[in-house]
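Read top to bottom, the protein sequences are chains A and B.
Sequential numbering from 3 applies to the first sequence in my numbering.
Sequential numbering from 19 applies to the second sequence in my numbering.
In the BS3-like style, the derived pairs of lysine-lysine whose C-alpha atoms are separated by at most 27 Å in a straight line are:
(1) LYS145/B x LYS198/B
(2) LYS178/A x LYS150/B
(3) LYS46/B x LYS190/B
(4) LYS311/B x LYS323/B
(5) LYS88/A x LYS150/B
(6) LYS145/B x LYS190/B
Just so you know, these hints were derived from the structure itself, not from any lab.
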Amino acid sequence: MAGTMTVASKELRDQFGSRRFLILFGLIVVLGGLSAYQGVDFIRNNVGSSFVYIFSGARMSFSFIQIMVFFGPILGLALGFDAVNKERINGTLSMVLGQPIYRDSVINGKFIAGAVALTTLAFSTIAIMCGITIPMLGFAPTLEEALKIVALTLLTTVYLLLWLSLGILYSTVFKKTSTSILFSIATWMTFSIVLSILAAALSSALVPLPAGDFIGTPVAPAVPAAPDDQVRPNFQGGQRFTVSPEYMEAMQERQALQTAIQNLSPTQLYQITASAILGVSSFGFGRQEFARTATLPEALANNWANIAVLAVVMVVAFAASYMAFLRIEIRPGD
Amino acid sequence: MENVVETRKLTKAYGDFVAVNELDMEVKRGEIFGFLGPNGAGKTTTILMLMGLSVPTKGTAIVAGHDIVEESREVRTVASVLPEYSSLYGDLTAWENLDYIGKLNDQPKEERENRVAEMLDIVGMSKWADSKLESFSRGMKQRVGIASALMKNPQIMFLDEPTIGLDPVATKEVRELVLKLNREKGLTVVLTSHLLHEVQVTCSKIGIINRGKLILLESMENLNRIMSGGEDRRVEFILTDTPTDLIKDLEGIKGVKSVTQENNGLYVYGSVDSDLEVSKTIVSHGAYILMMKPREHTLEEIFMKYYDQEVAG
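Work out the full structure, taking the sequences as your base and the hints as a guide.
Okay, here's the thing in C-alpha cells:
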C-alpha cells in the first residue's frame with residue numbers, strides 16, 4: 003500500500019502540475035460557468051424553475067451535461083493515454099519496478115491519481131457553478147435538489163473514470179504513445195459522433211419505412227381526423243397529413259433500434275442518466291426539453307441499468323489494464 | 019567468500035530467440051564483476067532477471083540469498099540497478115528523484131532526507147540538488163543515477179554500461195566512484211561495459227557472454243597471468259642499434275619462439291625463462307638496451323580471442 007500511495011502522490015503532483023490538465027480544467031470551468039449563467043437566465047425567466055436547471059443551460063444553448071458528453075472523454079483519455087507507455091519509453095518504469103514494491107502498486111497508483119484528479123475536477127466545477135449561481139439567484143438548492151446535484155457529480159465522476167480506465171488500458175497495451183493517442187481519439191470519435199451516424203444508417207437500412215405512406219390523407223387543420231400523435235406537418239409546412247399505423251409502427255421500430263445502438267455508447271448512457279437525474283430531456287448539443295421533474299429515487303430507479311453499465315465498463319477496462327500491466331515483460335530498453 | 023550472485027542454468031527465451039542460454043556464474047561478495055559481450059549478447063537480459071524484473075524461462079538464480087522468482091521483492095530490497103540510459107525523471111530535481119526512490123523503499127522521512135543528502139554528497143552533486151535533471155549533462159545524470167541506485171543501501175549494484183556516452187573526464191569520475199564504493203562500503207558491483215580498458219582497471223573478475231552463453235569466467239588475477247605469462251609472452255626491446263645476425267642468434271635461444279623487428283623495436287616472443295639469455299645475447303652483439311618492456315595482452319585481445327573462438331564454433 004505504501005508503494006501505491008507513493009506512486010499515486012507523485013502522479014497526482016504531475017497531473018495537477020501538467021499544462022494538459024490545467025488547460026482542460028480551465029476550459030471546463032469556464033464553459034461550466036457560462037452554462038450556469040445561462041441556467042440562471044432561464045430560471046429567472048421561468049419562475050418556479052428548479053435550481054438544478056443551472057446545469058441544463060437555456061434552450062438552444064449548451065449545458066453542463068453536453069460539456070461533459072463532449073469533453074469528458076477527452077479529459078479521461080488525456081489523463082490516461084500515456085500513463086504507462088511514457089514511463090516505458092523514458093526508461094523510468096524499470097527504475098520504479100526495480101524498487102521493492104509490488105508491481106500492481108504502479109498501476110493502482112496511477113489510477114488513483116487520475117481518479118483523484120478527475121473527481122476534484124468534477125466536484126470543483128459543479129461547486130464553482132453552484133457558487134456562481136446562488137448569489138445571482140438569491141436562493142440555494144433545496145435538499146432534494148442538493149441530492150440531485152450530488153448524484154450528478156457522482157455519475158459524472160464514474161463517467162470520467164470510465165474514460166480514464168480506457169486511456170490507461172491503451173497506454174498499457176500499446177508501447178508507443180502515438181498509437182495510444184490515436185486509439186483514444188478513435189474511441190472518442192466513435193462513441194461521440196460515429197455511433198450516432200451508424201445508428202441512424204443501420205436503423206434506416208434494417209427497418210425500411212412503408213413506401214409512400216408518409217404522404218397520407220390531408221387533414222383539415224381545424225378538425226384533426228386522428229389523434230395528435232399521429233398527425234405530423236409535412237416538410238413543406240402548412241398542410242397536415244395523417245400517418246398510417248404501419249408507418250408509425252415502422253418509425254417506432256426504427257427509433258427503438260437507433261436508440262439501442264446509440265446506447266452502446268457511454269456518452270449516450272451518461273447523457274440519458276444525467277438528464278433523468280436533473281429532470282431534463284436532452285437531444286444533443288443545443289437541443290434540450292424540460293420534462294416532468296422526476297424525483298431522484300425515480301430517476302435512479304429508471305436508470306440504474308445505465309449507471310451499472312458505466313460502472314462495469316470502467317471496472318472491466320481497469321481490470322484489463324491491470325492484468326496487461328502485470329504481464330508486461332520488462333525488456334532491455336524499457 | 020560468500021556468493022552474492024549464483025546462477026544455475028539460467029535461461030531466458032523470447033519465443034524462438036534464446037537471449038540467455040543456461041548461464042552458470044557466481045559473483046562473490048565484494049567483487050567488481052565485469053560482464054562483457056557484444057551488443058545483444060544477453061548482458062542486460064541477465065541483469066533484468068537478476069533484479070527480479072524479468073522471469074527466467076528456465077533455471078534459477080540466487081541474489082544475496084534470495085531466489086529471483088520466489089523472492090523477487092526481497093531481491094529488489096538488497097539489489098539495485100543503474101540501467102544503460104538514465105532512468106530518472108527529467109522534470110524532477112536531483113533531490114526529488116532520490117527522495118521518490120527513498121519513499122518507494124519505505125524509508126522514514128528523516129532517514130530519507132539524510133540519505134539523499136549523503137548520496138548526493140558521495141557522487142559530488144550536492145551543489146545541484148535543486149536543479150532539474152533535464153538541465154544536467156549526461157555525466158551529471160549518470161552520477162545522480164548512481165546516487166539513486168545507492169539510496170536503498172544495496173548489497174549489490176548492477177551497472178549497465180555506466181560510462182556509455184560519457185567524455186573521458188566523466189568516465190574517469192564514474193570509474194573512481196565505483197572503486198571508492200567498493201573499497202569503502204564493500205559494495206559488490208556487476209558492471210557491463212564496452213570500454214574494455216575500463217573493465218580491465220576496475221574489475222576483479224570477468225565473465226564474457228556471447229549469444230546468451232557464458233564463454234569465459236575468470237578472475238582478473240588469472241587473466242593477468244594469461245595476459246603476461248606463458249608461451250604467449252612478448253617482450254619489446256628498444257636498442258641502440260640492431261647488429262647483423264642478432265635476430266638469427268636470438269631465435270636460436272631456448273624458449274624463444276620468434277623475433278620480429280618493427281620500427282625501432284625488437285619484439286621477442288617466448289617464455290619468461292629466456293629473458294636473461296636474450297639480454298646477454300643482445301649485449302654480446304655490442305648493442306645497448308635502452309628499454310625492455312614485457313608487453314601484456316590487453317583485455318580486448320583476450321575478449322576477441324574467446325569471441326572469435328566462439329563464433330568459429
